[in-house]
Amino acid sequence: MEIHSKSERWNFQPDLVFDCTVVILKQGDDYFFATSERRETNVNIEDLNSTRIPTENIFPLYQDTLTKFTNIDNGRDIFVKRPSLNAYKGSDLISRTLLQEAQICEQLLASPHENIAHYRGCKIQHGRIIGLCFDKYAETLWERVERGVKVDESCFRQISMGVQHLHKLRLIHCDLKDENIMFRKKDRNDLVIIDFDSCVQHGASLPAKGGPIPNGIDVADFSIDLCAIDRIRSEAVVNGQAE
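Note that this note's numbering has the sequence shown beginning at 198, numbered continuously upward.
Keep in mind the hints are simulated off the structure, nothing from the lab. You may find that some hints are simply not true.
Distance condition first, Cα-Cα at most 20 Å in a straight line; then the derived SDA-like pairs of lysine to any residue [unchecked claim]:
id	residue 1	residue 2
1	Lys-203	Glu-243
2	Lys-383	Ala-335
3	Lys-365	Asn-312
Okay, the calculated beta carbon distance ranges per label pair [claimed, not checked]:
id	residue 1	residue 2	range
4	Ala-405	Pro-211	22 to 30 Å
5	Ile-242	Gly-413	42 to 50 Å
6	Gly-413	Asp-261	37 to 45 Å
Virtual Cβ for every residue (Gly too), placed ideally from N, Cα, C.
My request is simple: use the sequences and hints to build the entire structure.
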């Protein structure tokens, strides 16, 4: 058995207090959940009391209506988005979210747009979806700003066009932020919107995971994404990174 991933959980009210370190262990094709009272860097695998995570709670069954990834183009770099098991809390939420994102991506595959990440299909193992495959991109908007590269108006136009395409499909991203916007190349300005695990149909219930919601909004609405674009632009201006 080996450590697959670790992350710290914190309580934010009333003060920021360390809660525990979540540890995901892996043995063969099985995953195990454990917590430790120690900080992440001090976790000792021998001290952990782990429990097996039911496979159906993290990896949904593949459905014939979904696209199966087949790497027919070996020269193209592919990014496999896998579910974050550190968020596991004893339910099948991770599995349901992964399946929902795959279904959303099928809509995007049927109606592609240059400012939306190119989806390639589901990665399947033992009849279950273990990840979603996309073209690999160079860097996020956040990483570009961190490099000190200014963002010009064409970038915001592209973000808006990508969002407009989603909205034409009656989809709300619900988690638009600079970490979910990526550039194809480090030396180019053409970008795509990524990460659709919070994306839902217009009028649907708000996702459990997502970005800030405007006041008075209690279901998925176009204004969520439009306010997010304004927020991204404002933050870039404040940080002196917008031209």
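Going through the hints against the structure:
1. Lys-203 <-> Glu-243: OK: Lys-203 and Glu-243 at ~15 Å, within 20 Å.
2. Lys-383 <-> Ala-335: Within the cut-off at roughly 6 Å; holds.
3. Lys-365 <-> Asn-312: holds (14 Å)
4. Ala-405 <-> Pro-211: 22 to 30 Å: Given about 23 Å between the Cβ atoms, the range holds.
5. Ile-242 <-> Gly-413: 42 to 50 Å: Holds, at about 48 Å.
6. Gly-413 <-> Asp-261: 37 to 45 Å: holds (41 Å)
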